[in-house]
Amino acid sequence: MMLSMEWLSEFIDVSETDIKSYCDRMTATGSKVEGWETLGEDITNVKLVKITKIEKHPDADRLLVCQVDTGSGSLQIVTAATNVFEGAYVPAAIAPCDLPGGVKIKPTKMRGVPSDGMFCSIEELNLTLHDQPGAAEDGILILTDEEIAGHVLGDDIRDVLALRDSVVEFEITPNRPDCLSVIGLARETGASYEKVPVYHTPKVKGSGGDISDYLTVSIEAPDLCPRYTARVVRNVKIAPSPMWLRRRLRACGVRPINNIVDITNYVMLEYGQPMHAFDYTCLDGAGIVVRRASEGEKFISLDNKDHTLRSDMLVIADRTKPVALAGIMGGANSEILDSTSTVVFESANFNGASVRITSKALGMRTESSGRFEKGLDAECTLPAVERACELVEMLGAGEVVDGITDVYPGKRAQTVLPLEPARYNAFLGVDISREFMVKTLVSLGFGVEGDTIKVPSWRADVACMNDIAEEIIRIYGYNEIQSTAFTAGVRPGSFTPAGQYKNRLAGLLTNRGFDETCTFSFISPRFYDRIGLPADSPLRSSIVIRNPLGEDTSVMRTIILPSVLEALERNNNYHSEPAVALFETANVYSSAADGSVDEHIETALAFYGCGDFYSLKGTFEAVFADAGIKGVCYTAVRDNPTYHPGRCAKATVNRKDGETLLAVFGELHPEIAAEYGFDDTRVYAGTLKTDMVLDLASFWRLYTPLPKYPAVTRDFAFVCDDTIESAAICEAITKAAGKLVENVSLFDVYKGAQIPEGKVSLAYKVTLRAADRTLTDEEAEKASAKIMKALDALGAQLRS
Amino acid sequence: MKEMLEKIRAAAAEQLEAVTGEGELEALRVKFLGKKGELTAVLRGMGALSAEERPVIGALANEVRTFIEEKIAARSERLKSEAVSKRLEAERIDVTMPGKDIKVGSRHPLAKVELEMCDIFRSMGFDIVEGPEVETDYYNFTALNTPENHPARDVQDTFYITDTLLLRSQTSTVQVHVMENREPPIRIVSPGRVYRSDAVDATHSPMFHQLEGLVIDEDITMGDLKGILEIFSRRMFGDKTRVRFRPHHFPFTEPSAELDVSCFVCGGKGCRVCKGEGWIEILGCGMVHPNVLGMSGIDPEKYSGFAFGMGVERIAMLTLGIDDMRLLFENDTRFLEQF
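Residue numbers (our numbering), protein chains in the order written: chain A, 1 to 800; chain B, 1 to 339.
Errors might be hidden in some of the hints.
Said to hold, decoys possible - In silico BS3-like links for lysine-lysine, alpha-carbon gap of 30 Å or less: (1) 240/B x 630/A; (2) 104/A x 275/B; (3) 302/B x 454/A; (4) 32/A x 275/B; (5) 765/A x 630/A; (6) 112/B x 617/A; (7) 689/A x 112/B; (8) 439/A x 100/B; (9) 240/B x 20/A; (10) 269/B x 20/A; (11) 50/A x 104/A; (12) 735/A x 759/A; (13) 32/A x 269/B; (14) 275/B x 20/A; (15) 103/B x 650/A; (16) 689/A x 103/B; (17) 735/A x 650/A; (18) 411/A x 439/A; (19) 86/B x 100/B; (20) 100/B x 617/A; (21) 240/B x 32/A; (22) 650/A x 751/A; (23) 103/B x 617/A.
Unchecked claim - Under 7 Å between C-beta atoms, here's a sample of chain B residues computed to sit facing chain A: (24) 104; (25) 108; (26) 120; (27) 122; (28) 125; (29) 128; (30) 132; (31) 178; (32) 181; (33) 234; (34) 333.
Since the hints were derived computationally from the structure, they do not count as laboratory data. Ideal Cβ placement from N, Cα and C applies to all residues, glycine included.
With the rest of the complex left out, here is chain B (with noise of 0.2 Å):
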């Protein structure tokens, strides 16, 4: 009997060892361990033996029928595995392939750059408020120190509606709106298209944008303007960024300025983008006129305060690197698409 059992497992261990699918181990199993399987088939031959003999061979049966067990086991766990090897394996992919582009539109480029310019300034208490595009020659020229025939009206040529009805041709004219509206202090920018006679070109267009800024409050002065707008250039084009103030002249501000800042792409030391000169002219800003505080309803003698303006298209082009202004209004997807 003790041959018998070693036979059963030795043949049990090489059948085990050939199986290739669930379904033959179960085949095995029943054929090895079943009711009427070859084990138990010796086991009911157990009576015949002595004594002395029965408890050695009962040892040897469980340890066969355990030996079988495990072995099934081990072999259907290696099984499952090769078959999750084998499905992975086939589903392998080229994942050199492009992936999939799920659409999603683009803000305009000028749009983020109005965007980005508003949150700098959100960011240090600013408003951002909104003007009228159509408006009296009042808010666009006599409330901001430009009386009828002062040359500065012919600067800037304007689009007429009625003899006092027009394009505004600066966003500045949102300035008198509010002081007219607000008690100091005031805090605000202000983004808009404005309009001038231009004919398109590389460079100019009827229709632009510009971001106005205005700060009145009591004790404001002239390192106040050169502060914020030092905050905002180094917010807007690099912590490395140096600003410099150049006199100018504006009806609506006394002292006026230009700000330069230096050039964002060489860093100062001169290049196209900067033509040569390593700073590049960025926005126009001065000290609120006294005139035009007191037009507006605020006392000049109690408040003081700045006023700054800068072109939209003018930043998003230097930002961008874009060579000519009518991509900004051609809406080429194409072009669109790349911010």
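Extracted from the complex, chain A is given alone in its bound form (with noise of 0.2 Å):
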């Protein structure tokens, strides 16, 4: 909402304070200014002159030389307009001076002529025909006795034109439409200032005839029209405003058009009241109805835009045809023109919400609709059509028919509350006056007699002690508030475990290495073909987005590799970074049987250049070994389309409900690496089902006794086939040795020469030791013997 200061002036006088400290005291009170504007600031020394004299110039065909009176003396001013004559009265931009535009007017000569300055057109003094009807379009700007009227020869130009005036942008919250007007604001400077605004109450002389006659308003649809008034404006001549109307219009961001339209902004931006004109003429009968619009009915818009209308949708209309939108806009059948002669001038209330509906399904967004969708007070819509009709009467714009059509079967009970001082003192956490409360509710329009509030019809807002308490506070001023700590029990704060965990996990991949992305949780469905995830894939069934901004973010993810991979190809390609490593935690989303929506923790991760698929393990083992989950299970994953078939494996865990799926993990499929542009580079990449881990964790860890004895070493070295897994080699020999092994680590891997083809040697370094003494050469060498025995039942032969 842009106000006028000038048109603010009107209802109260804040003269006293600078613009600045109005801005600011009016956004501390809740009206929060956006920005303002001192405007005609960028017009310095523009001033009426009268010409007094036009000579040719000596040495140019198209420059005339002229004499003004400046009211302090004579200039000479060179131009080549063709629309001046002696005796015209013209902007002067007298150098040195400002024009707006950052133009600088210095003193020259013209072809050898002297010139003091420049005359000014509409343009050059930011004006359009709009705001200055009938001036010349592509010439000076002869002013018309008129526009000069009580001014001297030497007079500001500003003051002429009325060109200074300040602009405040409020940016008004939706619960207030009333502070969409002047009068709103004005009520609110008020408030602010500790001043009574002066209102105006519009008289309408009339010029006798009887409404009746013209017009009868049915409403069949009250729900939706909680209130019709109307007049009739006869003999109307449409001509442009007076210049102090288009003035306060223009400052306030609205083109001037004519009288008529001019009135009703006028009264939308004064009242807050949404206006509509419409030619009487057109009209097929004097029977206005307002009702809902049959299903599929068309209409025009004054704009000339075809709309197709739905039965849920509020027309006014004729006895045959829609005339308007109610509350949108108005049909080009009835638009006001040049030759409308009789008009009707509608102030109405809409229901909100119904507006808002029609609004949204035409892709109808006008100044009416968005005030109307706010919620209007009903009680407003006679004040504003007297208010036109004043100003009709006031322009000589017409002859105002005797009479009101009003309908008005929506009135609304007045809200009453309690007025409860301690109440809002105890929930504020202040001590205020009773009485500066109720000056405040009264400077606000609230009545308050006794101990009782009524809520003025403007304030739908209004509704609760809350709202009581906060239209005291903020006049009061929120930074009065004496900050306090609230006394309740002292009492830890803690994550949840999920939360807890997750930035666990987060401190032992970054320690590993791995940065922590933050990618969107919604993808591209394209994201599952790229990571090779077959067609019946369950993880292809996403959540889908009704209305996404694009494909590329349509559908929730149910798996975050893509993303993090799609991250690493990114770093890849954009600065050829040698490695890169990857992670990111958060929610994959897939629907319940139900119908609702499951959401799981998830962290993908990946990487290149800087590891192998076992670096990759090492780190998922010391994922589980941090959580203290035991007995983890690697088996090799041969048909997961991600990854290499000779290079996956998942992580599981057997729990009395059967096993359960910590993590996949391996190197990336040659032919997924090159869809994400790796085409010599191994990647690296895993998924680890991170609240399974959580369900799994335990954290707590109990002291083992550090041990008393020595250990035993034997290294054994053995060759075997190269397809029996190191993991049944390791179950073996912890078996064959029993309780004595500590430890069974595997420290050499050796295929090539002296190794036949299909086989691997392999070097283990088994520990034992017993709690309770020092192991005796005996047991040690029948632990061994064991050992052998058992590798040799696998086919594995001791190297000598």
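Take the two lone chains, each set in its own frame, and fit them into one complex as the hints suggest.
Structure below.
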């Protein structure tokens, strides 16, 4: 909402405060100021002058040399304009001076003849034909006698043309449509400055006749139209509005059109009540019906667009056709034209939700619909239509027919609340006097009688104690409230286990060199193709967004890996980073059987250039060790299309209810790696079922006594088929040596010279220890013999 | 004999001085002090001496032996220290060459800022809770006092999955879950992802993060709201931070406010970061609307409370000096590793 301070001054005088302090004060009391502008500031030293003599330029056919009277002397101005004449009153920019757009005028010579300045066109004063109707479009602005009335030569043109004003732009919250008006803001200004605004009661003289001879109104949909008020004006003379009115509209950002249209806009800005004026002679019959449209009914709006209406949309219609979409826009069939002679001024109240639904459905958002949908005050329609008619008479725009049509089926009961000063003070944590509270409420238009508050009709947003408390405290000052710390008992704050674990996991992964990413939760379905998911993969059944921004953010991801791989790809492509390791922990989304949505926490990680399969596996092992999960089984996965069939594993644990999957990881399938732009680089990736890990995790650690007796170590190097999995050998050794085994570790793997094709040499270090004694040589030898026997059974031969 | 002893002493002193290694030193020890050494040879001739001379020469011989032994020991000590110095000198390195980097990854800047905010509130006894991102319109709007066709539903354009299922457009949804499931006193903050239908640009993203806070107890006042958020602001933005509350409107709080903090870059004088205002808008807050309490089963006559919500991206960008929101979601390691 743009507010002209000149217009505001008609209601309340705040001239003693500068504009900056005014804006700060209004922001502090709840009418947030977005910015302000001083109009006319960019025009200096442009004066009203009279051309006294015009001569041809001695050396230029197209130039005229003019002598002008500035009131305090005479000057010479050379011009190329053709519409000047002796005796004309014009604006002259007298050098040195400034014009809008940063133009600077200096004394100059034109073809050898000195010129002390420049005559101004409307464009040079930043005006348009709408602001200054009748002005020459490409010539000097010649001022009419009417326009210069009351001014003398040498007067500042900003005063002559009423170009001085300050405009404040307010950001009005949707609960306060009453503040989208000069009167509403005058009321707020009054409360903020402890002043009483002077409100104006419109008076209409009338010109005889009887409206009932012109118009009858019936409301067939009172639920959507609580009130419909109208007056008729005859013998209309369409003409430009006077300058003062045009300037006020312009300051508020509204383009002047003609007197009747300007009046409707003026009243809307002043009262906050949208008005509609339409040509009476276009009505078929005298009866106006406010009704729901029939399904599929056609309507052409003022902006010449065709619409097909639905039966939940409200129209203003005559006997045969809609003439307006209620509260949104008039019809082309009843537009005010220069030939219009009889006008109906409609000032009505419509249901906000209905206007909102219709305007959304038809894609028509207008100033009027934007106001109605916030819910307007039905009490306002009458003063608004009276003000419009008063202006008609003031402007001589027509004759107002006596009588008002006012159908009001939806009168609302006044909201009444108790005045509870002690409660407000306790709630706000302040000690404000009852006197201040009452004074504030009254200045905002509330009625206070004893312990009862009557809420004004324009404040539908006020309905409970909190609302009254807010009215008081915003005027008293939020910043006057003493800060306190509540005195609840001491208690620790904690994360949820999931929140805590996410941070713990992030710490572990960053320590191992992974950078954390943050990618969008919604992805393109093509992401599933990129990681090679089969067509029937359950991971493809994503939750679909009905109104996505685009295809690439259209489904909720069921897996995070492709997003992290894309980040990996981007780092490789954009700046050829030699090594990148990334991870992300976030939710994945899937449909539950009952139609609700399951959200699970998952971690994806991926890297290239800084490790191999076993460092990847080491990371997962570290994660499980950190979470205290024992007995994790790693099994080869040969059929996951994302991964290399010979270099992929899953990590599982066995629980009572079966096998639980904790992770799948491996080297990316070369085709998938190529899809992400890695033709010769091996990429390693994996997915951790983070909430499963958390489910099984135990972070409680019990002390294990340090060993008191020495350990015996034995190394075994043997040759076996290279298809035998290390895990099987390890298990055989552990089983064979029984409870003396403390640790079995693989320390060498060799293939090549001296080892037959299809075989591999493996070397294990076995640590044996007893908790209660030093092992004897015999015990160690016995265990070694068992180990060798077990290996032999696996087909592994000891290397000599 | 006396002369011979003095000669040995002089010869030993001279030769020991010229020694350059432990081997030579040992050879000299044998030469002078060994069983077949020069001194032993002299002492063997002692028998031929008179009774008067014998103690005198004996004493002198012992003196010479002690002299040589000490000389050898000293020389040995010097040789060792010279060898150490030589090795250390040989091992000299250029300490101005760059250090070796052991790569440690970085947490995402948003995660870091979110964690910092959570830690401040945790230190004041707030629990950190999470809530679902896919929500029903009841939790996102209705239960937050924003009924159907309320203009506020327009302000934040929401992603819908079905007529009633949507991606939450604010973390305020968690307030409702918490009120439904916990008894007062309630003191929580809830960070998380939220979604609005805004195209990606330097200051917008269809997915971003918020941190929501809620306090409910008997006798909670607006002064308490100010107090807690003042403490938060000073911990987050520095001890000298001043705060300013401005009236505002949210459907789920009444009274509602926006909180500005004095610019932590210029201290309030006005600069590029605060756009010359001296103040930076940080969060929205207010006293929980009685309708919201009532709908979630909390008696508004008995309890009151306050709520607040802030954008993690906004605070991260302001405090880390990031000028384009897209950087936060592009995951360029050159960016990520700066934090």
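Taking the hints in turn, this is what the structure says about them:
At roughly 51 Å between alpha-carbon atoms, residue 240/B and residue 630/A are farther apart than 30 Å, so this suggested pair is violated. The hinted pair formed by residue 104/A and residue 275/B meets the criterion: a straight-line CA distance of about 29 Å does not exceed 30 Å. Between residue 302/B and residue 454/A, the direct Cα distance comes to roughly 25 Å. Compliance with the 30 Å bound is thereby established for this hinted pair. As the CA atoms of residue 32/A and residue 275/B are separated by approximately 17 Å, the hinted pair is consistent with the 30 Å bound.
Of the pairs offered as hints, the one joining residue 765/A and residue 630/A holds, with about 22 Å between alpha carbons and a cut-off of 30 Å not exceeded. Only pairs whose Cα atoms come within 30 Å are accepted, and residue 112/B paired with residue 617/A is accepted, the gap being roughly 27 Å. Pair hint residue 689/A plus residue 112/B holds up; C-alpha atoms about 23 Å apart against a cutoff of 30 Å. Taking the CA atoms of residue 439/A and residue 100/B, the gap is near 73 Å; set against the 30 Å cutoff, the hint is violated.
With a C-alpha separation of about 26 Å, the suggested pairing of residue 240/B with residue 20/A holds against the 30 Å cut-off. For the suggested pair residue 269/B and residue 20/A, the alpha carbons sit about 16 Å apart, so the restraint of at most 30 Å is met. Using a Cα cut-off of 30 Å, the hinted pair residue 50/A and residue 104/A holds, with the two alpha carbons roughly 22 Å apart. A distance of roughly 24 Å separates the Cα atoms of residue 735/A and residue 759/A; the hinted pair therefore holds under the 30 Å criterion.
Distance restraint check for residue 32/A and residue 269/B: the Cα-Cα separation of roughly 21 Å lies within the 30 Å cut-off, and the hinted pair is therefore satisfied. With a CA separation close to 16 Å, the supplied pair residue 275/B and residue 20/A stays within the 30 Å bound. At most 30 Å may separate the alpha-carbon atoms for a hinted pair to count; residue 103/B and residue 650/A meet this at roughly 27 Å. Distance check on the hinted pair: residue 689/A and residue 103/B sit about 26 Å apart at the alpha-carbon level, within 30 Å; holds.
The straight-line distance between the Cα atoms of residue 735/A and residue 650/A is roughly 24 Å, inside the 30 Å bound, and the hint therefore holds. Annotation: proposed proximity of residue 411/A to residue 439/A holds, straight-line Cα distance about 28 Å (limit 30 Å). For the suggested pair residue 86/B and residue 100/B, the alpha carbons sit about 27 Å apart, so the restraint of at most 30 Å is met. Proximity of residue 100/B to residue 617/A is assessed by CA-CA distance (about 25 Å); at most 30 Å being required, the pair is judged to hold.
For the hint pairing residue 240/B with residue 32/A, the CA-to-CA distance comes to about 26 Å; that is within 30 Å, so the pair holds. Our distance criterion of 30 Å between C-alpha atoms is met by residue 650/A and residue 751/A, whose separation comes to about 26 Å. For the hint linking residue 103/B to residue 617/A, the alpha-carbon distance of about 18 Å falls within 30 Å, and the restraint holds. Taking 7 Å as the C-beta contact cut-off toward chain A, the hint placing residue 104/B at the interface holds, the least distance being around 6 Å.
Interface restraint check for residue 108/B: the shortest CB-CB distance to chain A comes to about 4 Å, inside 7 Å, so the restraint holds. A least Cβ separation of about 10 Å between residue 120/B and chain A goes past the 7 Å threshold, and the interface hint is therefore violated. Taken as an interface hint, residue 122/B checks out: its beta carbon lies about 4 Å from the nearest beta carbon of chain A, inside 7 Å. Proximity of residue 125/B to chain A holds as hinted, the smallest CB-CB distance being about 5 Å (cut-off 7 Å).
At a threshold of 7 Å, the smallest CB-CB gap from residue 128/B to chain A is about 5 Å, leaving the interface hint in force. With 7 Å as the threshold, the beta carbon of residue 132/B comes within range of chain A, its nearest partner Cβ sitting at about 6 Å, so the hint holds. Below 7 Å, beta-carbon pairs count as interface contacts, and residue 178/B has none with chain A, the closest being about 12 Å; its hint is therefore violated. Violation of the interface hint for residue 181/B is found here, the shortest Cβ-Cβ separation to chain A being roughly 13 Å, above the 7 Å cut-off.
At about 11 Å, the closest approach between the beta carbon of residue 234/B and any beta carbon in chain A exceeds 7 Å, and the interface hint on this residue is violated. Below 7 Å, beta-carbon pairs count as interface contacts, and residue 333/B has one with chain A at about 5 Å; its hint therefore holds.
In the structure shown, a violation is registered for the earlier hints numbered 1, 8, 26, 31, 32 and 33, in ascending order.
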